[in-house]
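Enquirer: One letter stands for each residue in the lines below.
Protein chains: 2
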Amino acid sequence: MTIQSFHPPRRTLMGPGPSDVYPRVTEALARPTIGHLDPEFVRMMDEIKQLLQFAFKTENPLTLPVSAPGSAGMETCFANLVEPGDKVIVCINGVFGGRMKENVERCGGEAIIVQGEWGRAVDPAAVEETLNAHSDAKIVAFVHAETSTGARSDAKALCALARQYNCLTIVDAVTSLGGSELEVDAWGIDAIYSGTQKCLSCVPGLSPVSFSAKAVEKIQNRQTKVQSWFLDLNLVMGYWGQGVKRAYHHTAPVNALYALHESLVILQEEGLENAWARHQQHHNALVAGLEAIGMSMVVPASERLAQLNLVSVPEGVDEAAVRAQLLADYNLEIGAGLGDFAGKVWRIGLMGCAATKTNVLFCLGALETVMNKSGATQAALAVYQQ
Amino acid sequence: MTIQSFHPPRRTLMGPGPSDVYPRVTEALARPTIGHLDPEFVRMMDEIKQLLQFAFKTENPLTLPVSAPGSAGMETCFANLVEPGDKVIVCINGVFGGRMKENVERCGGEAIIVQGEWGRAVDPAAVEETLNAHSDAKIVAFVHAETSTGARSDAKALCALARQYNCLTIVDAVTSLGGSELEVDAWGIDAIYSGTQKCLSCVPGLSPVSFSAKAVEKIQNRQTKVQSWFLDLNLVMGYWGQGVKRAYHHTAPVNALYALHESLVILQEEGLENAWARHQQHHNALVAGLEAIGMSMVVPASERLAQLNLVSVPEGVDEAAVRAQLLADYNLEIGAGLGDFAGKVWRIGLMGCAATKTNVLFCLGALETVMNKSGATQAALAVYQQ
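So the protein lines, in turn, are chains A and B. full-length UniProt numbering puts the first residue of the first sequence at 1, with every later residue one more than the last. full-length UniProt numbering puts the first residue of the second sequence at 1, with every later residue one more than the last.
So here's chain A without its partners, still in its complex pose (with noise of 0.2 Å):
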């Protein structure tokens, strides 16, 4: 056996994620590395807690990364807030609103179940009816921004909602975080988890939370340890606590954290409002492609994510073909469906460095040229000189 270096073929990445990565991000990845004590190393930690409270629009002090990817951030949420016995609501209307409930049950709570539809956004009413027949449920459990449908849910209604009946509130913003509209301290999200390599256009490993008093009064005053020692946020904390004295946790991840803190260098430079926006603006340009192609996106347009855009496989297309082809001869990966929508959709991402007019004309045009169409690409043109 031989194995030689690896040299990956250069995408464009247009699926649910990873999205391409800034640059300027895999050249902060490489500098050199340093201790994780390093006073210098320290210093940097705190510039990536300010970088995230301003990212997540929060005073939050608990406000960290988790060394690990968006789905142990998601069990760092569960495992610290979750007590056995505790009823939690969970609402599914995706592949990651059954994820929170697998983890809902691993921590020993009791999930209590609003059923969503696929592809739309969670409904209140819904959820009001579910507080008022469960009086004791502690925790309501949500995702903003799914990344299996597109959907966005109103996080801030939902989140009023909660506190109407003194539940704490935990949101998947994996998808949403630097792409859409959030705003933690403003709609009083309690618990929040997101992840580096959808609209921070960072690498792929690490998982922003952020975590309000009340949360982190439950985290110090649970009657049980935490399950997981790796993600238990009181011994976290001594880490990424505050002041230069740092009790060593585990060996964090020192070149991803370098390109964490570069990439929301990039956004605060760019402004989150602007941010926000020109997902806006290429979302725009993107279905009106697509439509103009007699595509029909899934998810209806006042509930739509733009950072991630769900088209129905048309009829008598291929759906794996179309990938594999758009993959060999453009080096253009868009997502395949997940879940109840496998082998129906369609997943285009346009989030963070990827969304821009390049990207939203050369997709319609290799969609144009692969499905034997035309139109595509003027329309997108048409939205953006409007």
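By construction, these hints were calculated from the structure, which means they are not laboratory data. Accuracy of the hints is not assured; some may be wrong.
Unchecked claim - Derived BS3-like pairs (lysine-lysine); straight-line CA-CA distance at most 25 Å:
hint: 1; chain 1: A; residue 1: Lys87; chain 2: B; residue 2: Lys225
hint: 2; chain 1: A; residue 1: Lys225; chain 2: B; residue 2: Lys101
hint: 3; chain 1: B; residue 1: Lys357; chain 2: A; residue 2: Lys245
hint: 4; chain 1: A; residue 1: Lys245; chain 2: A; residue 2: Lys87
hint: 5; chain 1: A; residue 1: Lys138; chain 2: B; residue 2: Lys225
hint: 6; chain 1: B; residue 1: Lys225; chain 2: A; residue 2: Lys101
hint: 7; chain 1: A; residue 1: Lys225; chain 2: B; residue 2: Lys225
hint: 8; chain 1: A; residue 1: Lys344; chain 2: B; residue 2: Lys245
hint: 9; chain 1: A; residue 1: Lys373; chain 2: A; residue 2: Lys357
hint: 10; chain 1: B; residue 1: Lys138; chain 2: B; residue 2: Lys214
What the hints assert, rightly or not - Part of the chain B face toward chain A, derived, beta carbon under 8 Å:
hint: 11; residue: Ile34
hint: 12; residue: Gly70
hint: 13; residue: Gly98
hint: 14; residue: Glu102
hint: 15; residue: Asn103
hint: 16; residue: Ala137
hint: 17; residue: Lys138
hint: 18; residue: Val265
Stated by the list, open to error - Chain A stretches covered by chain B per the calculated footprint, using a threshold of three residues with CB under 8 Å from any CB of chain B:
hint: 19; segment: 228-238
hint: 20; segment: 247-255
hint: 21; segment: 281-287
Every value quoted in this text rests on a predicted model; they were computed, and no experiment measured them. Think of the CB as a built atom: it goes at the ideal place given N, C-alpha and C, for glycine as much as any other residue.
With the hints as your guide, set chain B onto chain A.
Expert: Chain B only, in chain A's frame:
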């Protein structure tokens, strides 16, 4: 608030890890991100599995890198193998044995402690005594290379003992993989975890693990679900499993895996036995130098790790001030003591690409100056000239 890009200082890392990273590895890290289900990526995953089998000296099909640091690799072993009520014999001779106990208890298991001396190998006779007293124990867990003390335990003997008593073994090889003799199959290790930031000289953030057929059987026949969704190997296997078809589980840390692949290609080029011998050679020179200036090693010679050298801080020396001066004047990081050894020892790492003659002489020269001694580098040079 305006935060600038972060440019880390260029250190020489001779602490307990992270170690200096091969330039080829940081270069690989910065290659273009591709999708975690891209056929090219899946091909690279297969190569990583093969390379890890080579590094661990195993044919275990379930050999892969966990998408998080070594602490998560530890938790992967315990969360998958320990079921509520299981008795686990845990050998504690440093910080990481203590962390194993935490893991057992958080999984609902009962930890039976074999308390050893800090800075010494685990005593097989004490383990056998405990096995005799607890015939219902199911697992023996111990640290092969204690990163907090620099002691190497006899993993071969301990595994033979465990097998004799029908116990599975869980072995911490965070600091030994690639630096010391380690034979997973020949020694009969059932579950092992390591880290990328030690003797592989890769960036921190991943944890290579491997599981024997007996361990896999136990995992597949659990009575209860693994309490962590993220670390549940029954699910992870669907992504890292055989064949081209991979089930999405979580988004893999794509770029970090490029880096791991490259570090393992380098190890393959050098040869495993050559890498072990190189660590030993530079260790011999370092120890000669340290002893020449009156410093004493903490661990008896026959139980020492070559790659992590614990020396007692001489009486009257302000250990933190010395480390601060090495960092400030030489950009040289050596490690502080941890746990029982805090304030009493330094930990000098010679890991991966940091195990070189240049580093040994640089470190000894710096210590001579800072501590106002002489003769260390001469003594080391004499060893090299033998």
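Enquirer: Run every hint past the structure and note whether it holds.
Expert: For each hint, the structure was consulted:
1. Lys87/A - Lys225/B: holds (19 Å)
2. Lys225/A - Lys101/B: At roughly 14 Å apart (the allowed maximum being 25 Å), lysine 101/B and lysine 225/A satisfy the hint.
3. Lys357/B - Lys245/A: violated (33 Å)
4. Lys245/A - Lys87/A: violated (38 Å)
5. Lys138/A - Lys225/B: Roughly 24 Å between the alpha carbons, so the hint for lysine 138/A and lysine 225/B holds.
6. Lys225/B - Lys101/A: Roughly 14 Å between the alpha carbons, so the hint for lysine 225/B and lysine 101/A holds.
7. Lys225/A - Lys225/B: Given pair lysine 225/A, lysine 225/B holds - Cα atoms ~19 Å apart, limit 25 Å.
8. Lys344/A - Lys245/B: holds (18 Å)
9. Lys373/A - Lys357/A: holds (20 Å)
10. Lys138/B - Lys214/B: holds (12 Å)
11. Ile34: With Cβ-Cβ at 5 Å, under 8 Å, it holds.
12. Gly70: holds (7 Å)
13. Gly98: Violated - the Cβ of glycine 98/B stays beyond 8 Å from chain A, reaching only about 11 Å at its closest.
14. Glu102: It holds, given that the least Cβ distance between glutamate 102/B and chain A is near 5 Å, below 8 Å.
15. Asn103: OK, holds: asparagine 103/B within 8 Å of chain A, min 6 Å.
16. Ala137: Violated: closest Cβ of chain A sits about 21 Å from alanine 137/B, beyond 8 Å.
17. Lys138: At 19 Å from the nearest chain A Cβ, lysine 138/B fails the 8 Å test, so the hint is violated.
18. Val265: holds (6 Å)
19. 228-238: It holds: at least three residues are needed, and the segment 228-238 of chain A offers 3 whose Cβ sits within less than 8 Å of chain B.
20. 247-255: holds (count 8)
21. 281-287: Coverage by chain B is violated here, the residue count being 0 at a Cβ distance below 8 Å.
In summary, the structure is inconsistent with hints 3, 4, 13, 16, 17, 21 from the numbered list given earlier, while agreeing with the others.
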